[in-house]
Amino acid sequence: MNKTMTVLLIAVVLSVNIGCNRKGEHGSTKQQETVIIAVSPQPVSAPLYVAFEKGFFEREGLRVTLQSYTSGKDALNAVIGGKAHLGTAAETPVMIAGLKGEKIYVIATLAESDKYMRIIARKDRGISIPADLKGKKIGVSPGTNGEFFLHAYLTVNHLAKKDVQAVDVLPKDMVDALVTGKVDAVSTWVPHTTTLQHKLGSNALIIDDHGIYVMTWNVAATQDFVKSHPAQIENFLRAVLRANKFIKERPDEARAITAKHIGMDMPMLSETWDLYGFNTVLNQSLILSLEDQARWMIKKEAGSARRTPNFVDFVYADGLKTVQPEAVRISGK
Amino acid sequence: MSLFVGLALFFSYQAMEKDWKNGSLVRRIRSSVTELNTFVQSYIHYHEERPKRQFLVEYDSMTQLIAGIRLRNPEQQRLLDKIGLNSESMKDLFLRLVSNYEPSDPAGNAELLAKAEERLEGQLLIRSRDMDADASRLRSMVDDDIRRAQTRTFTLILFVVLFTTIPLTIVLIRTMKSITTSLSTLRKGTEVIGSGNLGHRIGMTTPDELGDLSDAVDHMTEQLQAVTVSKDELQQEVEERKRAEEEIKKLNDDLKHHVTQLEEANKELEAFSYSVSHDLRSPLRSIDGFSQALLEDYGGKLDGEGRDYLQRVRAGSQRMAQLIDDLLNLSRVARSEMSRVPVDLSKIAKDIANGLRKSDQERNVEFVISGGLTAQGDERLLRAAMENLFSNAWKFTSIHPRGRIEFGMARRDGQPVYFIKDDGVGFDMTYVGKLFGPFQRLHSPGDFPGTGIGLATVQRIIHRHGGRIWIEGAVEKGATVYFTL
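One line per chain: the protein sequences are A and B, in this order. Counting from 1, position 167 in the first sequence corresponds to residue 167 in the working numbering; the numbering is continuous, with no gaps. Counting from 1, position 251 in the second sequence corresponds to residue 251 in the working numbering; the numbering is continuous, with no gaps.
No wet-lab data here; the hints were simulated from the structure. The structure displayed is predicted, hence computed values, not measured ones. No incorrect hints appear here.
Below 27 Å or equal to it, Euclidean Cα-Cα: the simulated BS3-like pairs (lysine-lysine) are: (1) A:248 with B:18; (2) A:172 with A:300; (3) B:18 with A:245; (4) A:115 with B:82; (5) A:136 with A:161; (6) B:82 with A:248; (7) A:321 with B:82; (8) A:333 with B:82.
Sequences and hints are given; from them, build the entire structure.
Below, the structure is given as structure tokens:
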């Protein structure tokens, strides 16, 4: 009788243990953490939308709330301002935050593209070659990579900033500004560029000099948040990597999800979908890019005493290194 | 199963080889990227011709290299494509940098040119680092593939080794055990058989060579047993024969002894007969002579009855004398020496026939004598025998007005059998056994004269020649005497 009881007891203990392990494996019992992500509604944010819609965040124990911002600059500001835990932004807002001494970390680059930025000009304003931009009003959002792209374009084409008339235009107003003729050209990004191409039709001159700039789309957070939530960062990155896999395996569904979130037509989104290499990495080129733009920014602010910071200190690679070691290619990280 | 594992190993090895090849190519790409970076840096610093040219050569080489690679993993191929695109952009930027440094319009704005150069240089560095990161990542991925392929191949090999060695070892152990058991059974069996128990059988029924060997040994034992039994029987027979031979020898010795005794007795008897015959002749001659003298000198004084008595006395004594002569002949035939020579039996027969014809020319008897019949034997004895036989035939055909006597030869069982055939009175075969006894007669002396010694004499002559003699006949159908020599 005692022997039977012992066997039964062992069986019960084992089944409880196995049950616990199984729950642990599936992660369904992970304590749910609320994470607010500030997202700029652009195609390059697709991994976040997919992870959100497909429940990859939940699987990793993250209860995610997506907040939409018109630009990466705004999204990053929301992070810095404590409105969101994580935010998406191109390297330019990150660079500016770095120059300002904001305590932020880039935890991953979600996508890279050298065809993301374009200058769309109105032909009816006499613009048919780059040199024709001279003296023209060009709409641009300061503090965004749109401004940097315009600078880069003018520079390599031997034009000075003063040769054109830069007009501040909010990203959300960029399309209207050009369509209504408030400006002669705009330097902006997808989806505005695509929308303008469609709206202007043959009147649009598309200046697409992809050799001069590679846009990186990054996820950043405050250093405090990252340091206090390393596990959440890892879980977030796992969910994003799973989303990347999903995008490659089921691109149509991924496009549909993205189109729904950014309010863009599927056909229009499909036109530019292949421009973004959805690859979650941390490359040395990001550091170089940040430095490059920082030098530009410092020169732009004539008389500024600021120095180019060490942007390596603005990168948190431990999270990505843990979940996908080969994705990190930054010396010293 | 082994086909599946073999195929899996083959494909795994092929995949590994492919991965090795790709790994080697990716390492060359990584090396090219590093070289391009070096040339870019060198050109940015010194603006010299050498790094410019080397950049372009290295770029072409790398482009060809990338175009020749097809990676199975789509992620790796995507990275490779990206490296290709980046290198293209790099080349574009580099050429723009070169063009910016060597402007077609030397009178251009130097400050703008410098700014453009700075911008292009910045981008070039970013691109090259990006490309370097991608090449490094691609190499890591391919290296991982190689490691995985190696692990997979190693696992397969391990699988093959485990799943072939273990069963083989089990089979080997079982086989060894089976062989050892079988050999032990065979050894024990052969020991038992070797100890002389030929009735023992190993009786192993295993379907292998040892089973066959067991069968062969059992079969051999069976044969051996059979041979050994035969040998025993043979031995027994030899012993029996020996015993028989000894018995025969003993009997032979007894026989010889009896023969010797018999011969001695016979000699004594013959001597006795001879002497009796010889000694009896003298008184007989006296009886006959004095009976004749009595008849001649005193016949007139005797009446007819007296004379008749005397005539009977004389006839009796003469017959007795004849009997004594025949007995002497018989005795001589038995005692006389034999000399074997070729004898012309046909000629003897003809001589005898002529003699008989002359003795009574009034008789009408036909002699049919086959010519050329010869035999090995004693001519004198054979002639005597044939005279006896012809004489008998002549005698027993005498009461018929015509007679026929035939001498010839027939073959029985390949042997010559001589015969003398007549068509005389014949005899009743019931008494055939009496014919060759001395003094045996089937007819009264009144019918046919004779002493009854003739056929006994003939039989003795034939027997002395090693032959046989017999008679066939029937009453009034004649008789045929057959003899062999």
